[in-house]
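Visitor: Residues per chain, in single letters:
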Amino acid sequence: MKRAFAAPILLLVGACLFFLTGWAFTLYGGLALTAAGLAESLLAATQGWRQALRVDGKRFRAALALQEAGYIVTAAGLGCILLQYRNGALPFICFSAAALFLAHLILSLVGLVLATSKGGHRLALLCAADVPLTLGFAALWQLAQGALSLPVAEAASWSKAVLAVFFAVLGLTYGLRLGACGLYYRNACRAVGGAVGTGGSGAGKADGFFGLDLLAPFRFGEALAPLFLFLLGLFPFVLVSQVETLLLNARLPFPTGDYVGLIWGGTGRYAIYSPLILAVLFFALLALLDGLSGRGPTKKEGGRDA
Amino acid sequence: MKFLLINIGVGLAQALALTLAAPLLLGLVYRLASLGRPGPAPSVFFLYEKLGAARFHGLPLGDTASFVCVFLAASMVPGFLGAKITFGDFVLLVCLLLASAFLSLLYGGGEGDPAADTTGPSTGGSAWKRACGEAPLVAASLFLAVASRGFHAMATMLPDVTFLFRGTWFTGWTELAALGFFCLVLAAGEGCRRALMGRDGTALPFWGALAKVLQVLVLLMLFAELFFPLPLPSGPRALAAALLLAVVLAVTGRFRLFHRRAVLAAAPILLFLSILAQ
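Chains A and B are the protein sequences, given in the same order.
Per my numbering, the first sequence starts with residue 1, numbered consecutively.
Per my numbering, the second sequence starts with residue 307, numbered consecutively.
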């Protein structure tokens with residue numbers, strides 16, 4: 001079991017040492033770092049899947065953290081590649097993505113330390129899975145934007161290959177992460193013999209720490225990390241200010257437009273992510289529809305409305 | 307601010323229109339597809355009947371959240387009402403579609419819920435296990451679709467990444483990308499058909515079933531707007547894409563060629579090759 005983590009950990013340590021030597025700040029060094037990061041995230045994601053099947057909470061969270069570390073190495077590698085093209089703005093998109101992933105990793109580790117349950121809490125899993133409105137998604141979004149700026153800097157055919165491999169691995173690891181989180185939760189519920197809580201306006205059968213409702217209060221230690229991950233996902237000022245400044249001032253060869261209000265919603269033409277508007281719409285619609293279907297009689301099993 | 311509110315209003319109106327039209331369009335597709343299959347053909351309106359009979363009260367939060375995710379994704383689809391929604395782009399749309407399945411898994415019904423845990427020959431095992439197993443392939447396909455269009459348009463805003471007919475109709479990469487994304491639409495369409503057709507409507511959660519139907523329509527609209535290399539207006543292009551889906555479903559059903567996992571696996575490979583071919 002311990003050997004299972006050896007490959008991603010060795011890759012991570014090797015990538016860190018390589019970065020510290022300064023050799024990464026060349027084209028081939030950046031490519032090597034990117035490859036190492038992608039390989040590490042893929043290995044860690046497969047490990048996460050294995051641990052989800054085994055319902056080993058500690059190692060499952062460790063695999064998720066290693067995957068985040070892989071994304072950080074990838075973002076740093078892409079930043080090092082883009083540094084070679086004398087466009088000071090482009091690498092910073094990648095380096096700020098790495099910074100956001102680092103913040104996400106630290107908060108996840110804090111959550112792991114403070115957690116009193118075995119990591120099966122739904123809100124913790126929701127934030128760990130990098131779904132929209134969380135910090136993980138903001139980092140992922142910026143990493144994708146950074147990678148898409150690679151062919152802008154370099155028109156050679158290898159940049160297409162790097163882009164294709166990057167997005168294939170990113171999608172695969174993201175899907176593995178989502179699948180593993182869902183699998184872990186369902187398997188953990190099955191292991192403890194508890195039914196999955198229905199939440200919302202359902203029957204509300206919360207049992208133990210697995211059946212906690214989305215909005216129900218739970219232990220402070222467990223709540224802290226997801227709360228910060230969610231709040232930073234709603235207000236990713238580091239991300240917003242950097243991307244806005246870069247796109248407005250850096251003479252990027254993208255179609256330029258009004259990027260003001262990336263967080264509040266604007267008329268951007270290159271890319272936009274307004275988490276606040278999304279959050280307002282999401283929760284308003286959720287409350288409306290849940291209230292709509294919550295009222296009235298509940299059905300008998302498999303039967304029509306009473 | 308006024309522009310923003312109008313923009314969001316148009317986007318939500320578009321999502322509502324797509325939600326109302328989705329069962330009709332999908333019903334038409336499945337009706338046409340069933341002509342090549344054994345057994346009685348369903349009515350064009352059978353999805354409305356299923357949704358009418360579905361459970362509506364006391365649903366798990368996951369099903370509602372899943373529908374809200376797909377609804378917001380539908381508001382971002384370009385071309386239909388000309389919505390230029392300003393709270394997200396292609397990456398966000400893709401992640402909303404993926405989060406929809408995940409939320410349904412995390413906050414959906416439990417082991418005993420027939421909607422969450424359907425086993426049987428028509429579904430091929432536990433629904434949530436299948437959803438988990440297919441997530442990596444679906445995510446890889448969708449992310450490669452973002453890369454394929456983003457690389458070409460140098461943007462991820464959806465109105466900007468729509469197919470522009472500037473002498474690039476039928477080139478190698480457009481065909482590969484179209485074929486790759488169509489594989490994804492095909493797998494989603496067949497998955498929705500298997501999930502909804504062979505089951506008693508009363509066992510379905512309303513929002514969950516509507517989310518499935520709307521998700522297929524969103525993917526179909528994305529295929530029509532972003533990948534379909536035919537110089538037609540948005541509406542006819544979507545109808546042509548739906549017709550193509552029906553024909554392929556009918557042919558594969560007639561000759562028993564359909565293997566959903568193989569089609570899902572083909573999607574990222576073809577999209578990967580399309581990026582290399584650009």
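Because the hints were derived from the structure by calculation, they are not lab data.
It should be emphasised that the depicted structure is a prediction, and the values quoted were computed from it without experimental measurement.
Built from N, CA and C at the ideal position, the CB exists for glycine as well.
Any given hint could turn out to be false.
To list a few chain B residues with every Cβ distance to chain A over 12 angstroms, as calculated [to be verified]:
{"#": "1", "residue": "334"}
{"#": "2", "residue": "345"}
{"#": "3", "residue": "346"}
{"#": "4", "residue": "347"}
{"#": "5", "residue": "364"}
{"#": "6", "residue": "369"}
{"#": "7", "residue": "404"}
{"#": "8", "residue": "411"}
{"#": "9", "residue": "435"}
{"#": "10", "residue": "437"}
{"#": "11", "residue": "439"}
{"#": "12", "residue": "485"}
{"#": "13", "residue": "501"}
{"#": "14", "residue": "541"}
{"#": "15", "residue": "546"}
{"#": "16", "residue": "553"}
Simulated coverage check for chain A against chain B, where a stretch passes if three residues somewhere in it have a Cβ under 8 angstroms from a Cβ of chain B [said to hold, decoys possible]:
{"#": "17", "stretch": "68-80"}
{"#": "18", "stretch": "132-142"}
{"#": "19", "stretch": "147-153"}
{"#": "20", "stretch": "159-168"}
{"#": "21", "stretch": "227-234"}
{"#": "22", "stretch": "279-293"}
Visitor: Evaluate each hint against the coordinates.
Guide: Cross-check of the supplied hints:
1. 334: Non-interface label stands for residue 334 of chain B: nearest chain A Cβ at 26 angstroms, farther than 12 angstroms.
2. 345: Nearest chain A Cβ is 24 angstroms from residue 345 of chain B, so the label holds.
3. 346: Holds: least Cβ distance 23 angstroms, greater than 12 angstroms.
4. 347: At roughly 26 angstroms from the nearest Cβ of chain A, residue 347 of chain B sits farther out than 12 angstroms, so the non-interface label holds.
5. 364: violated (3 angstroms)
6. 369: Given that some Cβ of chain A is not farther than 12 angstroms from that of residue 369 of chain B, nearest at about 9 angstroms, it is violated.
7. 404: It is violated; residue 404 of chain B is separated from chain A by about 6 angstroms at its closest Cβ, not greater than 12 angstroms.
8. 411: violated (4 angstroms)
9. 435: Check fails; 8 angstroms does not lie beyond 12 angstroms.
10. 437: violated (7 angstroms)
11. 439: violated (7 angstroms)
12. 485: holds (16 angstroms)
13. 501: holds (17 angstroms)
14. 541: Holds: least Cβ distance 25 angstroms, greater than 12 angstroms.
15. 546: holds (28 angstroms)
16. 553: Check passes; 29 angstroms lies beyond 12 angstroms.
17. 68-80: With 0 residues in contact (Cβ-Cβ under 8 angstroms with chain B), the coverage given for the stretch 68-80 of chain A is violated.
18. 132-142: holds (count 4)
19. 147-153: holds (count 4)
20. 159-168: Holds: 7 residues of the stretch 159-168 of chain A have a Cβ under 8 angstroms from chain B.
21. 227-234: Three-residue rule not met by the stretch 227-234 of chain A, so violated; n is 0.
22. 279-293: holds (count 7)
Hint compliance for this structure: hints 5, 6, 7, 8, 9, 10, 11, 17 and 21 are not met, and every other hint is.
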